[in-house]
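Please build the complete structure, drawing on both the sequences and the hints.
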Amino acid sequence: MTLVKFTVVLALLSIRTEAAVTSSRAPATSLADRSHELLAKTLASHPAPYGYRSGDPKISNSCHHIRTVPISLRWGWVMKPSGLSNYYQKYTETYGIPVVGSQNVSDGALSRACYVLRVLLADHSAIRQSFYKLFGRVAVIGSGERVTAVPEYRFLPDHWNERSRGLGATESVPVSSGAEENLLCYRNGSDRYAKEDIFLHELAHGVHLLGAKYAIPGWQRDLERAYESVNKTGLWNDTYSRQSAEEYL
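Letter by letter, the sequence shown follows residues -19 to -1, 1 to 230 of mature numbering (1 follows the signal peptide of the UniProt record, and there is no 0).
The hints are simulated quantities; they were obtained by calculation from the structure and are not laboratory data. What you are looking at is a predicted structure, and each value in this text was computed from that prediction instead of being measured. It is possible that part of the hints are untrue.
[To be verified] Label-pair distances were calculated between CB atoms; the ranges are: (1) Leu137 <-> Arg55: 21 to 27 Å; (2) Arg127 <-> Ser63: 18 to 24 Å; (3) Phe136 <-> Tyr174: 42 to 48 Å; (4) His46 <-> Thr214: 46 to 52 Å; (5) Arg127 <-> Glu228: 40 to 46 Å; (6) Ala103 <-> Phe136: 31 to 37 Å; (7) Ile40 <-> Thr214: 16 to 22 Å; (8) Asn142 <-> Asp37: 35 to 41 Å; (9) Gly89 <-> Leu216: 36 to 42 Å; (10) Ile40 <-> Lys213: 24 to 30 Å.
Note that the Cβ used here is the ideal one computed from N, Cα and C, for glycine as well.
The following block contains the structure:
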């Protein structure tokens, strides 16, 4: 999946959201306001494992300003479940959503990851809101680091280091990740997935599971129906998209 393709999908779904709410929207209420009202109702009825992050996403970014992690984000009550670990020494953000890495990660990789996140969340404020409220963030794995170096992934068995160079965010582990060598397209043989955009793939999972799933009415239902329908045809039987509705997306 390309960045352009996924961005177009979100744009089309934004149009669908507008159609879904227009009939019940008062003339003075904007689409964004109505989308946020629907999201607030959805989240209020959803038992999130860590509750919800305080505040709201910003409309700005500082993707090219790499700095130390703000002390407040080290606190567990601010960035659940347990705050950002001291493993993370570098930080940037977009919309107030952290993009972090260890001291070993290049500034360029952090800026690139931040840029991709900014683009994916640019056109749908309710998806941004949901991703933010569910403590969504991004981690960049250094080219010489293993996946399980990321503190949120240290519970994983060692074999994950052999198969993965990034993982998608879930509500219980709300961090999407990707590796420096893949983000920056290194051509020194270090990128085992040189022909794929692994970071975009894993970030798309986070945008789905922390964002679109709650922000777009009917998203999850329609995705699961589409997945079940295509499985009956056998069209994608020999592809990775056959694994689950999440991978089908």
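Results for each hint:
no., hint, in the structure
1, Leu137 <-> Arg55: 21 to 27 Å, "23 Å, holds"
2, Arg127 <-> Ser63: 18 to 24 Å, "20 Å, holds"
3, Phe136 <-> Tyr174: 42 to 48 Å, "23 Å, violated"
4, His46 <-> Thr214: 46 to 52 Å, "48 Å, holds"
5, Arg127 <-> Glu228: 40 to 46 Å, "23 Å, violated"
6, Ala103 <-> Phe136: 31 to 37 Å, "33 Å, holds"
7, Ile40 <-> Thr214: 16 to 22 Å, "43 Å, violated"
8, Asn142 <-> Asp37: 35 to 41 Å, "37 Å, holds"
9, Gly89 <-> Leu216: 36 to 42 Å, "39 Å, holds"
10, Ile40 <-> Lys213: 24 to 30 Å, "43 Å, violated"
Violated hints for the displayed structure, listed by number in ascending order: 3, 5, 7, 10.
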